[in-house]
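Colleague: The residues making up each chain are set out below.
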Amino acid sequence: MAKKSKKGAPTDIRVRLIRYSLYHPRTPRPLRFGTMRMLRHWTIHRAWKLFQAAQRKEREHELERQYNKMRDACEELRLTSQGLYERAVAKSTFRYPIVEFRIPTDTPAKGGWNHEWKRG
Amino acid sequence: MSTRTLSASSSTRALGVPCFNVLRPITLRGLRTKGIASERGARGVEGVESAEGIKGGGPRMRTIERMPFQTYQLALDIINKDRQEMLKRISEERETMKKLIKYKGLTHKDRRIISMKQQIEKWQLYADANNPRVKYNFDCGKIGMNKPIYLHLLDKKWRQRNRPILMQRLETMHVIPDVLPDINPIVDVRVHFKGRKVQPGLVLDSLMVEECPTVRVIPFKNEEMLCTIAVVDPDVPDPKKDRFRYRCHWIVSNIPISPMQTTAVGYSAKPADTLVPYLPPHAQKGAPYHRYAMIVFKQPEKIDAAALEGNIDRDDFTMRGFQSKNKLCSIGAFMWRVEWDSHTKEIMQKHNLPGWDIMYKRSKDVVPS
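Chains as they are written, first to last, in our numbering: chain Z, 282 to 401; chain D, -12 to 356.
Any given hint might turn out to be false.
[What the hints assert, rightly or not] Ranges of calculated distance between the beta carbons of each label pair, as one might list FRET restraints:
#1 E108/D / T386/Z: 45 to 55 Å
#2 Y301/Z / I100/D: 51 to 61 Å
#3 Q147/D / D293/Z: 23 to 33 Å
[Said to hold, decoys possible] Once the Cα atoms are required to be at most 25 Å apart in a straight line, the calculated BS3-like pairs of lysine-lysine come out as:
#4 K330/Z / K109/D
#5 K228/D / K330/Z
#6 K330/Z / K86/D
#7 K338/Z / K68/D
#8 K75/D / K330/Z
#9 K330/Z / K143/D
If you are wondering where the hints come from, they were derived from the structure by calculation, not from laboratory data. The structure displayed is predicted, hence computed values, not measured ones. The beta carbon of each residue, even a glycine, is placed where N, CA and C say it ideally should be.
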């Protein structure tokens, strides 16, 4: 009888790597918290999320203010001098050489290069 | 839970902190335990609180707010600050609403006022959602049904596990296309037969379902409504026409339901009108198991029980017809199954139900002689 050597499709290398590190004998075991410890963990997590959300909001407000100022400035320029406005708003033609090149890597994308891709 | 009964003084002694006056006066106002009227009948909550108050000697030690961990206390500060901002926003919105009603003549039915009210409710939830004491209470089971945050947490918990299970059972057993075309459960329906809790879709013994169950309907919005419960059996065999009929087993109307009053039928329920008295589920021998669907409807207004009581025919009953005639809106469902077992014969004889001596056989299995 011929031995069946096929084991089915091989698992994804990323899943294999995760399993390797998760179940390695030198990985520390999962922590188990008591009620109060868990409660403190939860509270600190919620507070941190609140803090991060407030920071994010502040950053976005700042960006919005900057954008509004830039837009108002451009409007002023447009009303002042058409030529200067067009030069300010025109797209720059300077490019560093071929930014879209992909560097060699251990885990390239499965799909490879998309030949339908267009710059722009 | 041991943490609940742990007295204040012993806990702080264990932590090495002197067990008298408070080091950090953190007060999270608005979420008082005195407002809690727990559904689970106190469970000694009041007893624990008063005991702690007497033992401490000074102000009551609230262990959760006073845990001596630096990051935790800083987190509590942030949460408190956010809560104050939220409360300020709520009061400002309330002021704007009052001014709009007073000066611009808007009424409570206006879209703008309604959306402002909804936003205020959302902010009230956000204000309490990060409170560790709320989380602790909810996890322990100390749920104050008059507080919107606990209703919100209950809703979330129900929707995470028990509601998908119910929907799966309803759809797999094809109760949903058969009894009603579709349903969107908004309330948690819990059924207890003879004191024992029943999971949706279970096959139950005839003895257990002989008497009418205790039904709990838990709404997640703080409003009073009138409900109707109807139980229908869609699998009554009709050998003459070679198909299955519907049979109505039980209808109870005008049940007042609110988050504080969740028992619809049972010991602590308010009086309601029984339009169709409870008929014990019985499945005849040879027939496959019968499914029994219980649908909870919301009534727009009080139903005139006297007019409907005599007019409902048990055997010529469809849920869809009943729903459209009385303009009901389905908000909850439940189902169980019953088949012929050792007790069905006695029960059918006891209640004078015809057919206890009939055994059904599939016409395919009957070989024509």
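Colleague: Each hint should be assessed against the structure and marked as holding or not.
Modeller: Going down the list of hints, with the structure as the test:
1. E108/D / T386/Z: 45 to 55 Å: Holds: the Cβ-Cβ distance is about 51 Å, inside 45 to 55 Å.
2. Y301/Z / I100/D: 51 to 61 Å: holds, 60 Å
3. Q147/D / D293/Z: 23 to 33 Å: Holds: the Cβ-Cβ distance is about 29 Å, inside 23 to 33 Å.
4. K330/Z / K109/D: holds, 18 Å
5. K228/D / K330/Z: Not satisfied, since the Cα-Cα distance of roughly 65 Å exceeds 25 Å.
6. K330/Z / K86/D: It is violated: about 35 Å lies between the C-alpha atoms, which goes past 25 Å.
7. K338/Z / K68/D: Status holds; Cα separation ~16 Å.
8. K75/D / K330/Z: It holds: about 21 Å lies between the C-alpha atoms, which stays within 25 Å.
9. K330/Z / K143/D: holds, 20 Å
When each numbered hint is compared with the structure, violations occur for hints 5 and 6.
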